[in-house]
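Please model the entire structure based on the sequences and the hints provided.
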Amino acid sequence: MLKQPRFVIAVRDLARSADFYRDVLGFSIEWKEVPGWRLFRRDACTIMAGECPDTPAARELGEHSYMAYVEVDDVTGLHKDLAARGVQMVKALRTEPWGMREFGIETIDGHRMMFGEDVSGPD
2 MLKQPRFVIA VRDLARSADF YRDVLGFSIE WKEVPGWRLF RRDACTIMAG
52 ECPDTPAARE LGEHSYMAYV EVDDVTGLHK DLAARGVQMV KALRTEPWGM
102 REFGIETIDG HRMMFGEDVS GPD
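Residue numbering for the sequence shown follows the working numbering, beginning at 2 and increasing consecutively.
Honestly, the hints are just simulated from the structure, not real lab data.
Do not take every clue at face value.
Claimed, not checked - Simulated pairs of lysine to aspartate or glutamate, DMTMM-like, Cα-Cα distance not exceeding 25 Å:
| hint | residue 1 | residue 2 |
| --- | --- | --- |
| 1 | LYS4 | ASP14 |
| 2 | LYS92 | GLU61 |
| 3 | LYS33 | ASP14 |
| 4 | LYS33 | ASP119 |
What the hints assert, rightly or not - For each label pair, taking beta carbons as the anchor points, the in silico distance ranges come out as:
| hint | residue 1 | residue 2 | range |
| --- | --- | --- | --- |
| 5 | ARG7 | ASP74 | 13 to 23 Å |
| 6 | LYS4 | ARG86 | 26 to 36 Å |
| 7 | GLY100 | GLU31 | 27 to 37 Å |
| 8 | LYS92 | GLY51 | 22 to 32 Å |
| 9 | ARG23 | LYS92 | 22 to 32 Å |
| 10 | GLU31 | ASP74 | 30 to 40 Å |
| 11 | SER29 | CYS53 | 17 to 27 Å |
| 12 | GLY100 | ALA16 | 16 to 26 Å |
| 13 | ASP14 | SER121 | 35 to 45 Å |
Glycine included, each C-beta is placed from N, C-alpha and C at the ideal position.
Laid out in structure tokens, this is it:
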């Protein structure tokens, strides 16, 4: 049986990334005692970040820098919250033909995350 996934990302500056996930994206920070790693959690979404100072920045990968698609209950509310916090949007909030209302952001490290809500209606 599959359980809730955890996303694993490489970041150049773990302290800077931790501040961003906590202060801007609203995640709590766990695993403060594990050298070189942090675990960020917001509701059921968990992201593990490992410090890799020599890794290329995720934004250098362009469209290939997407690291997560997170389904949410209130995508419009989350979009308003993150926009008010100054998060860089890479895809505007819109309803797609496949029945998802979604938007995309870029993190401080250049990773792209999509957030979406199923608005297709009952099956």
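*With 22 to 32 Å as the target window, see if ARG23 and LYS92 comply at their CB atoms.*
24 Å, holds
*Lying within 17 to 27 Å: is that true of the beta-carbon distance SER29 to CYS53?*
Holds, since SER29 and CYS53 (Cβ atoms, about 23 Å apart) stay within the stated range.
_What's the verdict on LYS92 and GLU61, does the C-alpha distance respect the 25 Å limit or exceed it?_
OK: LYS92 and GLU61 at ~17 Å, within 25 Å.
*Do the beta carbons of GLY100 and GLU31 sit within 27 to 37 Å of each other?*
Holds, since GLY100 and GLU31 (Cβ atoms, about 34 Å apart) stay within the stated range.
_Assessment of proposed distance window 35 to 45 Å (beta carbons of ASP14, SER121)_ = Holds: the Cβ-Cβ distance is about 40 Å, inside 35 to 45 Å.
_LYS92 versus GLY51 beta-carbon gap, inside 22 to 32 Å or not_ = 26 Å, holds
*asked:* With the threshold set at 25 Å, check whether the alpha-carbon distance from LYS33 to ASP119 stays at or below it.
replied: 34 Å, violated
*May I ask you to test the hint 13 to 23 Å on the CB atoms belonging to ARG7 and ASP74?*
20 Å, holds
*Does the alpha-carbon distance linking LYS4 and ASP14 stay inside the 25 Å limit?*
29 Å, violated
*Regarding the pair LYS33 and ASP14, is the alpha-carbon distance no greater than 25 Å?*
14 Å, holds
*ARG86 and LYS4 - C-beta distance against the hinted 26 to 36 Å*: The hinted range 26 to 36 Å holds for LYS4 and ARG86, with Cβ atoms some 29 Å apart.
_GLU31 versus ASP74 beta-carbon gap, inside 30 to 40 Å or not_ = 23 Å, violated
Against the hints set out earlier in the document, violations occur for numbers 1, 4, 10 and 12.
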